[in-house]
Amino acid sequence: MANLNINIGKLQLKNPVMTASGTFGYGTEFSDFMDLSRIGGTTIRERQGNPYPRMAETPSGMLNAVGLQNKGVDYFINKIYPSIKDIDTNIIVNVSGSTVEDYVETAEKLNSLEKIPAIELNISCPNVKEGGMAFGTSCPSAAQVVREVRRVYKNEMIVKLSPNVTDISEIARAVEGEGADSVSLINTLLGMAINAEKRKPVLSTITGGLSGPAVKPIALRMVWQVSNAVKIPVIGLGGIMNATDAIEFMLAGATAIQIGTANFIDPTVSVKVVDGINEYLDKHGFKHVSELIGALEI
Amino acid sequence: MYLSLYLIDTQYNIYSMKKFILDLIVKKNVLLSNQYSLIILTSSEKLPEILPGQFAEVRVDGSNTTFLRRPISIHYVDYETNELWLLIQVIGDGTKRMAEVKVGETMNIILPLGNTFASPTRKDAKLMLIGGGCGVAPLLFLGAYFKREGYEVNFLLGARSEADILQKSEYERFGNVYITTEDGSLGEKGFVTQHSVLKGSNFDYIYTCGPTPMMKAVASYALKTNAVCEVSLENTMACGIGACLCCVTDTVDGHVCVCTEGPVFNITKLKWQI
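Chain order of the listed sequences is A and B. Under this note's numbering, the residues of the first sequence are numbered 900 to 1197, in order. Under this note's numbering, the residues of the second sequence are numbered 139 to 412, in order.
Since the hints were made in silico from the structure, they are not lab data. Among the hints, erroneous ones may be present.
[As the list claims (entries may be wrong)] Partner residues aside, some chain A positions facing chain B, computed with beta carbon under 8 Å:
| no. | residue |
| --- | --- |
| 1 | Glu956 |
| 2 | Met961 |
| 3 | Ser997 |
| 4 | Val999 |
[Said to hold, decoys possible] Which stretches of chain A does chain B cover? Using the computed rule of at least three CB atoms under 8 Å from a CB of chain B, they are:
| no. | stretch |
| --- | --- |
| 5 | 917-924 |
| 6 | 946-954 |
| 7 | 1000-1013 |
| 8 | 1152-1164 |
[Claimed, not checked] In silico lysine to aspartate or glutamate, DMTMM-like type, Cα no more than 20 Å apart, as pairs:
| no. | chain 1 | residue 1 | chain 2 | residue 2 |
| --- | --- | --- | --- | --- |
| 9 | B | Lys407 | B | Asp388 |
| 10 | B | Lys166 | B | Glu308 |
| 11 | B | Lys184 | A | Asp931 |
| 12 | A | Lys1171 | B | Asp199 |
| 13 | B | Lys407 | B | Asp342 |
| 14 | B | Lys285 | B | Asp161 |
| 15 | B | Lys261 | B | Asp231 |
| 16 | B | Lys306 | B | Glu320 |
| 17 | A | Lys978 | B | Asp342 |
| 18 | B | Lys264 | B | Asp321 |
| 19 | B | Lys156 | A | Asp1165 |
| 20 | B | Lys156 | A | Asp931 |
| 21 | B | Lys409 | B | Asp391 |
| 22 | A | Lys978 | A | Glu1013 |
| 23 | B | Lys156 | B | Asp199 |
| 24 | B | Lys165 | B | Asp199 |
| 25 | B | Lys234 | A | Glu956 |
| 26 | A | Lys970 | B | Asp388 |
| 27 | B | Lys184 | B | Glu238 |
| 28 | B | Lys264 | B | Asp342 |
| 29 | B | Lys234 | B | Glu218 |
| 30 | A | Lys970 | A | Asp1001 |
| 31 | A | Lys909 | A | Glu1077 |
| 32 | A | Lys970 | B | Asp342 |
| 33 | A | Lys909 | A | Asp1165 |
| 34 | A | Lys909 | A | Asp1001 |
| 35 | A | Lys1171 | B | Asp161 |
Backbone N, C-alpha and C define an ideal beta-carbon position, used for all residues, glycine too.
Make the full structure from the sequences, and use the hints.
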């Protein structure tokens, strides 16, 4: 059996497989089916999220317009954290906000939690009116959020990037320059679904974020571009359904991967991906999973 | 390597019901009409405990367009024969593939999901279970449960025409059956809320599932007659376990997931304009 341990900066992972924010609840929703590995998703203020309908199924994917519904960071710290802090995995909290101050305040509160070794700064959610993606689509605003959060947050800071930009590499370089420890990409692609019979948009918000296997080629391309553009580790995600997909992301340059939409179809998929990576490493004679990172032969 | 974690037990004990991913075997597939199929599933192992009103997330294999699982009501569970019944209405490619499943094949199913209906406190309470179209599905299991618990059960089933009245003889096993059809081909002509049984007497508890306009009309009738009323909602879902937050409905407590806080809601919780 090959060694699956991976480090992302100071963050030590027992394997390169994580679950993506917004697809895994607080982890507890999945505890009947599997052992838990990661958690995500909290914003500073209570957010009701967008009206129904929030989801449209599309060929090989889904559009969502959830809008970061959650009960806020104080609820997380008081009600959720005590019940999950002793799970033997890395719990990473996804942080979003409407203003730079929101991000800073949330990060500061999370900084004091002993069992939260990292945050994922979400500057790429396409489904909230203010904040979210607005920060992640220009270099100055992305840099500003990261700079301000870096001042107060001492642990591992992952910055989640938006694919809805002309050049994702320059955004990645901008956040690297302000002290991001790693980047994760891609968040969902802005998309739209229409009901022709009713001549109406399917989603209440008209547009939403596309995820699932449909986005995988775009995500792979962006992971490859970004990993060539920055020195910090890249966490790859976007349409990963199985171990082969995960391996492709690592070959493209990802140090670790996240699984999102696939959790909805098979709640146990993440552990299957770990097993599949292990089999692949044995089959091809690799001793350590890190040998896959950027091992694409061109 | 990992520590397992128990679900956070908050308001309802139902949250601690363990969920399973099962490969169930198709025992029978009965075509009820050109758009409805009754699929009877079984397992070599004993089926887990399932409550009336709960649903299953069914994986659809081999479809080019259906990517996500489909939430399907539990129509009936027969613990003696170890059978799980699903009533499928063919709407898109996913339900079409489900309806075409053959005896001996397996279906990958996550269950039991969601909450259940509230039982009346008094055994002599007058109950009416009102279903429309394929929405009648969960009421069979509910009616069977109520009968076993010693309640007198009434069903009011509505549909467009006789061909859309499903499983009538099965409902008759557990209670009195009243029927309306829009074209008058079976039972009384009109909508369920126009049936004479609702005019003749008042009911203490009304349970309903069907198209939203029908459920709103039933809810309005319940409010006027001071009946306790629970509705079973059907929203578009991805995960079915409260993770994706796609299937929300607006309630007095804000947006809540239909898959975990429902599908059954007391109408006083919903922000329906009725």
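Okay, the hints, checked on the actual structure:
Hint status for glutamate 956 of chain A relative to chain B: holds, with the closest Cβ pair at about 5 Å, below 8 Å. The criterion of a C-beta within 8 Å of any C-beta in chain B is met by methionine 961 of chain A, whose closest approach is roughly 6 Å, and the hint holds. Using the Cβ-Cβ criterion of 8 Å, the hint placing serine 997 of chain A at the interface with chain B is not satisfied: the shortest such distance is roughly 18 Å. For the restraint placing valine 999 of chain A at the interface with chain B, the shortest Cβ-Cβ distance is roughly 25 Å, beyond the 8 Å limit, so the hint is violated.
Only when three residues or more bring their CB closer than 8 Å to a CB of chain B does the claim for the stretch 917-924 of chain A stand; here the count is 4, and the claim holds. A stretch counts as covered by a chain when three or more of its residues have a beta carbon under 8 Å from one of that chain; for the stretch 946-954 of chain A and chain B the count is 7, and the coverage holds. With 0 residues having a Cβ less than 8 Å from any Cβ of chain B, the stretch 1000-1013 of chain A misses the three-residue criterion, and the hint is violated. For the stretch 1152-1164 of chain A, the assignment as covered by chain B holds, since 4 residues bring a beta-carbon within under 8 Å of that chain's beta-carbons and 3 suffice.
This hinted pair checks out: lysine 407 of chain B and aspartate 388 of chain B have alpha carbons roughly 9 Å apart, not beyond 20 Å. The suggested pairing of lysine 166 of chain B with glutamate 308 of chain B holds, with an alpha-carbon distance near 16 Å, which does not exceed 20 Å. With a C-alpha separation of about 18 Å, the suggested pairing of lysine 184 of chain B with aspartate 931 of chain A holds against the 20 Å cut-off. In summary, the hint linking lysine 1171 of chain A to aspartate 199 of chain B is supported, as the alpha carbons are separated by about 19 Å, within the 20 Å threshold.
Note on lysine 407 of chain B and aspartate 342 of chain B: the hinted pairing holds, with a Cα-Cα distance of about 18 Å set against a maximum of 20 Å. At roughly 30 Å between alpha-carbon atoms, lysine 285 of chain B and aspartate 161 of chain B are farther apart than 20 Å, so this suggested pair is violated. Proximity of lysine 261 of chain B to aspartate 231 of chain B is assessed by CA-CA distance (about 44 Å); at most 20 Å being required, the pair is judged violated. At roughly 17 Å between alpha-carbon atoms, lysine 306 of chain B and glutamate 320 of chain B fall within 20 Å of each other, so this suggested pair holds.
The straight-line distance between the Cα atoms of lysine 978 of chain A and aspartate 342 of chain B is roughly 38 Å, outside the 20 Å bound, and the hint therefore fails. Under the criterion of a C-alpha separation no larger than 20 Å, the hint pairing lysine 264 of chain B with aspartate 321 of chain B is inconsistent with the structure, at around 29 Å. The hinted pair formed by lysine 156 of chain B and aspartate 1165 of chain A meets the criterion: a straight-line CA distance of about 16 Å does not exceed 20 Å. Proximity of lysine 156 of chain B to aspartate 931 of chain A is assessed by CA-CA distance (about 6 Å); at most 20 Å being required, the pair is judged to hold.
For the proposed pair lysine 409 of chain B and aspartate 391 of chain B, the alpha carbon gap of about 10 Å is at most 20 Å, so the pair holds. Only pairs whose Cα atoms come within 20 Å are accepted, and lysine 978 of chain A paired with glutamate 1013 of chain A is accepted, the gap being roughly 16 Å. For the proposed pair lysine 156 of chain B and aspartate 199 of chain B, the alpha carbon gap of about 25 Å is over 20 Å, so the pair is violated. With a CA separation close to 18 Å, the supplied pair lysine 165 of chain B and aspartate 199 of chain B stays within the 20 Å bound.
At roughly 16 Å between alpha-carbon atoms, lysine 234 of chain B and glutamate 956 of chain A fall within 20 Å of each other, so this suggested pair holds. This hinted pair checks out: lysine 970 of chain A and aspartate 388 of chain B have alpha carbons roughly 16 Å apart, not beyond 20 Å. For the proposed pair lysine 184 of chain B and glutamate 238 of chain B, the alpha carbon gap of about 25 Å is over 20 Å, so the pair is violated. With a C-alpha separation of about 5 Å, the suggested pair lysine 264 of chain B and aspartate 342 of chain B falls inside the 20 Å cut-off, and the hint holds.
The hinted pair formed by lysine 234 of chain B and glutamate 218 of chain B fails the criterion: a straight-line CA distance of about 29 Å is larger than 20 Å. Straight-line distance between C-alpha atoms of lysine 970 of chain A and aspartate 1001 of chain A comes to about 14 Å, which keeps the hinted pair within the 20 Å bound. A threshold of 20 Å between alpha carbons decides the hint, and for lysine 909 of chain A with glutamate 1077 of chain A the separation of about 17 Å falls inside it, so the pair holds. With a C-alpha separation of about 36 Å, the suggested pairing of lysine 970 of chain A with aspartate 342 of chain B is violated against the 20 Å cut-off.
Simply put, lysine 909 of chain A and aspartate 1165 of chain A have alpha-carbon atoms about 31 Å apart, too far for the 20 Å limit, and the pair is violated. In summary, the hint linking lysine 909 of chain A to aspartate 1001 of chain A is not supported, as the alpha carbons are separated by about 25 Å, beyond the 20 Å threshold. The hinted pair formed by lysine 1171 of chain A and aspartate 161 of chain B meets the criterion: a straight-line CA distance of about 17 Å does not exceed 20 Å.
The structure fails to meet hints 3, 4, 7, 14, 15, 17, 18, 23, 27, 29, 32, 33, 34 from the earlier list, while all remaining hints are met.
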